[in-house]
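K.L.:
Here are the chains, one letter per residue:
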Amino acid sequence: MTLKVAIASFAHTHAASYAWLLGQMPDVEVLSADPDGAAAPDAGPRGAEFAAELGVPYVDSYDELFAWGPDAVVVTSENAGHRALVERAAAAGAHVLCEKPLATEVADGEAMLAACAAAGSILMIAYPVRFAPSYLRLRAMVEAGRLGDVFAVLGTNNGKIPYDSRQWFTDATLAGGGALVDHTVHCADLIDGLTGGASATRVYAASNRILHQDKDVAVETGGLVTVTYDNGLLATIDCSWSVPDNGPTWGGVSLEVTGTNGSVEIEPFLPHLTGTDANGEVFLGIGPNLDESLLDTFLDAVRTAGPPVAGKPPAVVPQPDGNVGLRTLRIVDAARRSALSGQPVDL
Amino acid sequence: MAEQLADLTVGLIGAGNIAHVHVAAWKALGARILVHSVEGAEALAEEYGLEVAPTLDEVLAQAEFVDIVTPSPTHKELTLAAIAAGKNVICEKPLTLTAADSHEVMAAAAAAGVKVYPAHVVRYFPEYKAAYDAVHEGRIGPIAVARFFRQASSPAGSDWYRDVARSGGVIMDLMVHDLDQAQWLCGPVTSVYAVQNPPTVDGVSPVNVAAHVTLTHESGAVSLCRATWGVPGTPFRTGFHLAGASGVLKHTSSADTGFIEELQEGGGDVDLLIPENALGESPYLTQLRELAIGLRGGPEPRVVGADGAAAVYLAEAARASMESGQTIDMKSFTSSGAVA
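Chains as they are written, first to last, in my numbering: chain A, 47 to 393; chain B, 6 to 345.
There is no bait here: all hints are sound.
Ranges between beta-carbon positions, derived for each pair:
id	chain 1	residue 1	chain 2	residue 2	range
1	A	Trp-296	B	Asp-261	20 to 26 Å
2	B	Glu-267	A	Gln-365	35 to 41 Å
3	B	Ala-139	A	Gly-278	36 to 42 Å
4	A	Val-362	B	Lys-134	55 to 61 Å
5	A	Asp-342	B	Asp-261	35 to 41 Å
6	B	Arg-37	A	Glu-311	43 to 49 Å
7	A	Asp-210	B	Lys-336	36 to 42 Å
8	B	Trp-165	A	Thr-247	30 to 36 Å
9	B	Pro-304	A	Asn-335	54 to 60 Å
10	A	Gly-278	B	Gly-192	31 to 37 Å
11	A	Asp-195	B	Pro-304	47 to 53 Å
12	A	Gly-278	B	Gly-45	37 to 43 Å
13	A	Val-362	B	Pro-204	37 to 43 Å
14	B	Lys-134	A	Ser-387	35 to 41 Å
Here are the simulated DSS-like cross-link-like pairs (lysine-lysine), alpha carbons at most 30 Å apart as the crow flies:
id	chain 1	residue 1	chain 2	residue 2
15	A	Lys-50	A	Lys-358
16	A	Lys-206	B	Lys-134
17	A	Lys-206	A	Lys-261
18	B	Lys-32	B	Lys-134
19	A	Lys-206	B	Lys-255
20	B	Lys-134	B	Lys-336
21	B	Lys-255	B	Lys-134
22	B	Lys-255	A	Lys-261
I should point out that these hints are in silico values taken from the structure, not numbers from a laboratory.
Glycine is no exception: its CB is placed at the ideal position from the N, C-alpha and C atoms.
Work out the full structure, taking the sequences as your base and the hints as a guide.
P.N.:
In structure tokens form, the structure reads like this:
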């Protein structure tokens, strides 16, 4: 069965990867729209020009995109725009893959979950690191009890500041904040997956703007977020945009999980070739394309579930779902408030 | 160097694990060692050819200065006894178990004109010193976010470490090194937030336990210190990641050492509490040489009593944060003097 998959906005850098992959897939028809792209102050191309580069069909407006009758919609707008597009997709009878974070405000996230539930639409969150082989192996080990009782986690998601290609990432309104919003959620999602959805009970965050001061950025660029969960688990996440602009790779993710039988540390983006070329140090990443695994999981679920039926839960709920998106958004929201007050926030 | 430390008589007080390492360093420096300990002095003396001092008074009478390597809860009284005898002191970390006690010790030392140097040996590990030098040369710009990490096979299974009133727990005993590093590298601290899991109950530390402490510094930098007492057998491992405005420096003790061992028979036979070093001279030797030269009127060493007191002060603030569930403002925090 050929699926009609719409890409709503090229604001998020990941849209390019999704568009390219969808364009390669058999039995998938793609249509894209990026009506706000022309006004964006980005260095790279947006809108029709970007669609042409990616080789995917393009329409000028969301009205045309939704009138096309997509089976599924990939929402890759600015974070603050997720709610309107997800609600619209649900109303149009489509399943939804929403870029992370779910939204910039918890109330928006709750409304999005409610809209998708009412429409019977799948709401999956684009957390691709869940599909990393190292993470799957770690999760299997945790589930098998190999680590004993897990009591502490360190997560790091350090990267280059996403500034040149997409400036909205450093716009407090459009992004919802800076590094705390952009990078806390990936590790929070990985921890959520290990704990089977444990809820955060207390969140403390300390942040600053020392990194990238030269770029006149108004949002936090570095931060540490400590989370206590309802099962007692202690986790700290370093969400800083602390990979220098001239670093050999964009950054990475790490998760160190400690239990009563030892610890496992994963770095899903670490497998690589090293060496030297004309530009200096080489970092040539190897391993599967995690975005492809994410899309495959989403589209398999869309096919299996069939068209949404209002009021009826979808037959398949691919993970990470909207509930994970909302739990991780609550952590980010608490982290933002904690960073402002200097005190931990209880949830 | 050798001349500076000629005819040195060190009073070693204590004969536990770390005593062996200090003995090796003092012998390398050509010192005469008088050892006094509640237990184990004779065995240590026999193993290394040392002289035993049967009483504390005898050590204090004969030694040029004392090197205190006893369990943490005895540091205060022994240091005060040495100060009262007019002797300079080198004392294992933590200097004392509370900031109030550290201040009392430092005040007594100042009044007696005696020096007290805490053995924060991590400042002498070449990777940490290289980071310190690079940061202070401006190599990575002002530090924004720093992470420090330290894990060891839990000593809390059977020993006195489990009694938080005696060891101070994982923060005072193990993380105190990194609290000192955070302050050394990022400057004075303005606030402290701490969580430990599982929590200490009725003064008894869990055997397997992790603590995460977030510091905010006057400079605006934030730092995370993590310490884990791991399941028995956990290899000793430390590391740091320093992100500055113009660069990053990082190190993990288990990587980039230039020494990879894959031995079968007899392999894996390593000390789980005191790290081996593959980068040359023992940092313990570097440390004790520098401290001894400082005590003989040479240049001030890179770590002094106030640093030891400051690290204890941070560890105590971390404990207060865990008790209240709140961030501790270091501008108004005062030591309660309570041990646990």
